[in-house]
Amino acid sequence: MSSKQLLRVYTYVIALLLYIPIAFMVISGFNSSPYIGVWEGFTTYWYQLLLRDSEAHIALVNSLTIAIVSSTLSVSTALLAALQVRGRRLTAVDALVYPPIVMPEVAEAVALFLAFTYLGVEKGWLTVMLGHTAFNLAFAYVTLTVSRVRFEELEDAARTLGAGRLQTFKDIILPLAMPGIVAALAITFLLSFTNFIKTLFTTGPGFYTLPILIWNRARRPGISEFASQNALNALATLVTLTALSIAVAYTAYMLRKAGR
Amino acid sequence: MAGVEVRFEDVWKSYEAVIALRGVTLTAPGGRITVLLGQSGCGKTTLLKIAAGLLEPDRGRVYFNGVDYTRVPAERRDVGMVFQDLALFPHMSVFENVAFGLRVRGVRGLELERRVREVLDLVGLDGSFYNRRVTELSGGQQQRVALARALVIEPKVLLLDEPLAHLDYKVKQRLLEEVRRIQRSLRITTIYVTHDQLEAMAVGDVIAVMRDGYVVQVGTPREVYENPRDLYVASFFGDANILDPRFAGLDSDGLVALRFEDVILNPNGDVDVVYEGVVEDIVFQGAFVGLEVNVNNRSLKLLVPRREFAKQGVSLGSRVRVGWKLSEVRGFNSGAT
Amino acid sequence: MQRSLVIAVAPLVVALLLLFYAPNIALVYYSFYDRVRGVFTIDFYLDVITNTVYLNVILYSLSIAVTTVLATLALTLPVAAYIALYSRGFERILLLVIFTTPFWIDFLLRAWALKSLLYMVGVREGFLALMVGMVYDYIPFTLLPVYASLARMPPHIVDVARTLGAGSLDIWTRIIIPYAVPGVLVGSALVLLMSFTELVIPSLLGGVRGFTVGPLIYTLILAGDDWGRGAALAIVITVLSVLSIVLAYRRFKGWLL
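Top line first, the protein sequences correspond to chains A, B and C.
Just so it is clear: in the first sequence, position 29 is 29 by the numbering used here, and no numbers are missing.
Just so it is clear: in the second sequence, position 196 is 196 by the numbering used here, and no numbers are missing.
Just so it is clear: in the third sequence, position 191 is 191 by the numbering used here, and no numbers are missing.
Worth double-checking, as some hints may not be accurate.
Claimed, not checked - If we take Cβ atoms under 7 Å as the criterion, some of the chain C residues that face chain A in the derived model are:
no., residue
1, L12
2, A15
3, L16
4, P23
5, N24
6, Y45
7, L46
8, W104
9, L114
10, V123
11, F127
12, M131
13, V132
14, T238
15, V239
Said to hold, decoys possible - Take a look, some chain A residues computed to stay more than 12 Å from chain C by CB distance:
no., residue
16, S32
17, L51
18, E105
19, T133
20, P179
21, G206
Rather than coming from a laboratory, the hints here were simulated on the basis of the structure.
Just so we're clear, the structure is a prediction, and the values are computed from it rather than from any experiment.
Here a beta-carbon is modelled for each residue, glycine too, at the ideal position from N, C-alpha and C.
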């Protein structure tokens with residue numbers, strides 16, 4: 001076999017290996033037995049169980065609301081700044097924006113924990129959302145400013161044609177900034193929805209997001225039927241599907257935009 | 001609309017640490033094309049943007065037909081501008097791009113359509129282009145759309161910032177003619193920025209040569225070419241040999257300029273100064289042939305018309321005579337470039 | 001500076017200050033403040049840096065990180081090479097999609113999925129599970145940078161080299177590897193930093209052998225009550241991370257651009 005063939009085979013093998021755990025997880029979700037490893041037949045029982053799983057429902061709502069609020073807040077705030085900064089390199093703002101991205105997540109989580117505890121704030125939805133937002137702000141800003149360059153001239157052109165600030169924004173800038181905005185929203189939403197470490201340190205007793213719930217159940221599988229391994233697999237599969245469908249939708253949107 | 005005179009009075013502008021314009025006073029006559037000519041960084045684009053209202057001068061004033069427009073913002077100035085990178089709205093079609101300025105002014109429906117069609121006809125784009133995305137067009141076509149977009153609003157002044165910069169030679173020539181044609185028919189005051197002296201001479205009624213924020217010389221193309229005020233202007237237009245005056249035949253100090261085409265090959269007596277030399281390089285340039293002749297270890301460059309050159313039968317290494325008239329030698333007080 | 005600019009940027013700046021910088025001030029504060037005795041001290045730092053218990057954890061985490069980097073690189077380099085150098089058109093897009101999709105699937109879930117699978121094969125929590133988990137999770141992080149830097153190779157350069165007489169070995173060492181190096185460096189730096197401070201995988205898959213810096217900090221802060229040392233440790237790893245990024249950026253800036 002030529003080196004090309006060899007590499008090719010190798011590549012596909014690795015690709016396969018990459019997905020085997022995921023496939024296993026998906027399949028196990030249909031396993032009659034609550035325990036992984038022993039296949040006892042096909043069932044959708046675990047998915048049906050999820051319908052009764054109020055904890056999971058609450059966790060889902062929490063994750064969703066936090067992600068939506070956090071991404072909306074951070075993207076709009078970052079957008080406001082990004083639009084004004086435009087092509088110029090405002091190094092002062094850059095300097096402020098990069099540390100949150102560079103800092104190890106554990107350390108930042110600890111900082112959040114200490115700050116909230118010091119302030120005596122009750123940990124729950126609000127603290128988790130705020131914790132996510134800090135990081136999302138930075139990420140959104142970077143995402144938005146990466147492709148910002150050409151607007152200045154277009155704005156000048158619109159102005160010479162008589163358009164005021166508002167009209168220029170509505171007709172020229174917003175349509176062109178849309179892909180960037182959608183990207184920022186999608187990314188920050190996903191980052192927040194799937195976030196674990198920061199959430200772990202900013203959550204309070206009785207408050208769950210989906211990742212936290214899964215984590216708790218993964219560590220103590222025997223506690224309830226809901227937490228049994230394959231129930232967990234079913235849940236995990238659903239979460240994965242959600243994330244994937246967002247990813248697919250996003251990619252489709254980007255491709256459509258690019259094709260125009 | 002036609003014939004608005006634009007006057008700059010002692011305009012100063014700086015960015016951060018750089019002074020872009022130093023007390024520029026200039027009048028762009030109504031109904032004519034005024035060219036701002038200079039190298040990058042000389043301030044020509046800055047001056048144009050000040051004319052557009054996109055920038056405000058730090059000092060000085062701008063007058064449109066005697067009315068002080070200095071603080072009037074771009075949106076209310078009624079100027080049409082074509083930008084260096086065109087700045088066409090990428091998400092709109094050709095029609096929509098041109099229509100934008102009209103929509104902003106409240107023009108709608110049939111009236112809108114009529115005016116857009118008219119101007120697109122004027123720039124030579126037919127109906128098949130209307131719905132095309134601007135990003136699909138060629139450079140020359142995009143140029144026309146940009147021009148149409150600026151003209152459709154019937155502006156007081158037309159401002160062009162290096163509009164032909166990225167085009168192929170032939171396309172450039174064709175568009176240059178069109179710009180002149182359109183301007184002549186509309187008689188709209190036009191300020192045209194470029195760094196290309198040939199473009200400037202081809203299109204300008206008045207040329208203002210700029211350098212480092214100053215206006216160095218203003219005049220018709222002929223004036224500026226034949227009577228350059230200093231070495232900079234002289235060497236900007238048409239290439240010239242920079243020589244020691246005594247070598248050129250003049251009894252003075254400083255430096256002198258002698259255009260390549262003013263050095264005659266093997267002259268027949270109608271010159272004042274003659275030297276002998278050896279041909280070191282021959283470059284065929286189409287209508288002209290460029291020669292490099294070594295005269296007493298000085299390198300002189302000539303531009304000889306093609307037919308003339310063919311008659312002479314000269315080749316590399318030939319011994320030739322070169323000569324010139326003293327009246328063609330341009331002397332300047334200082335030799336600084 | 002124009003007013004409109006300031007107004008637009010202010011919310012972002014204020015939000016960042018409140019949500020990121022203020023908490024970090026608290027972090028620094030607690031790393032110096034002994035709550036029990038009510039005094040400021042540098043004992044926590046001293047302890048973290050000199051106490052063998054902590055040092056061992058740090059060194060262990062470092063060794064795990066380095067091993068992860070090496071293993072991940074070894075695994076992904078051939079893949080990156082294939083995709084960048086040999087695959088074309090549809091296959092290339094397909095492969096890229098295949099290898100980046102895991103990105104979108106939650107970190108935690110992938111670790112969980114892997115754990116289940118390993119469990120079934122008989123591999124329990126421990127060093128092996130830990131390493132497999134680390135490598136598995138970090139594959140995209142070396143694959144993509146290496147691919148990206150290899151992809152910058154002009155398409156026909158190998159042919160050009162051949163016409164100039166270069167043999168296979170020469171082509172690899174003089175052309176391909178130099179192009180791969182920036183990507184390798186970026187990927188390694190990324191994975192090194194991330195795996196060093198990793199919390200999820202060591203906890204989930206490492207068992208007893210999963211006590212690295214991440215879990216340590218977790219234990220100190222959330223499970224225990226030792227804020228001082230936890231904070232000090234958090235700051236130490238942050239400083240290490242930031243320093244290495246800044247240094248790497250300065251040193252290798254030219255390579256990427």
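Evaluated hints:
{"no.": "1", "hint": "L12", "verdict": "holds (4 Å)"}
{"no.": "2", "hint": "A15", "verdict": "holds (6 Å)"}
{"no.": "3", "hint": "L16", "verdict": "holds (5 Å)"}
{"no.": "4", "hint": "P23", "verdict": "holds (4 Å)"}
{"no.": "5", "hint": "N24", "verdict": "holds (5 Å)"}
{"no.": "6", "hint": "Y45", "verdict": "violated (14 Å)"}
{"no.": "7", "hint": "L46", "verdict": "violated (19 Å)"}
{"no.": "8", "hint": "W104", "verdict": "holds (4 Å)"}
{"no.": "9", "hint": "L114", "verdict": "holds (4 Å)"}
{"no.": "10", "hint": "V123", "verdict": "violated (12 Å)"}
{"no.": "11", "hint": "F127", "verdict": "violated (19 Å)"}
{"no.": "12", "hint": "M131", "verdict": "violated (15 Å)"}
{"no.": "13", "hint": "V132", "verdict": "violated (10 Å)"}
{"no.": "14", "hint": "T238", "verdict": "holds (4 Å)"}
{"no.": "15", "hint": "V239", "verdict": "violated (9 Å)"}
{"no.": "16", "hint": "S32", "verdict": "holds (16 Å)"}
{"no.": "17", "hint": "L51", "verdict": "holds (20 Å)"}
{"no.": "18", "hint": "E105", "verdict": "violated (7 Å)"}
{"no.": "19", "hint": "T133", "verdict": "violated (6 Å)"}
{"no.": "20", "hint": "P179", "verdict": "holds (18 Å)"}
{"no.": "21", "hint": "G206", "verdict": "holds (16 Å)"}
In the structure shown, a violation is registered for the earlier hints numbered 6, 7, 10, 11, 12, 13, 15, 18 and 19, in ascending order.
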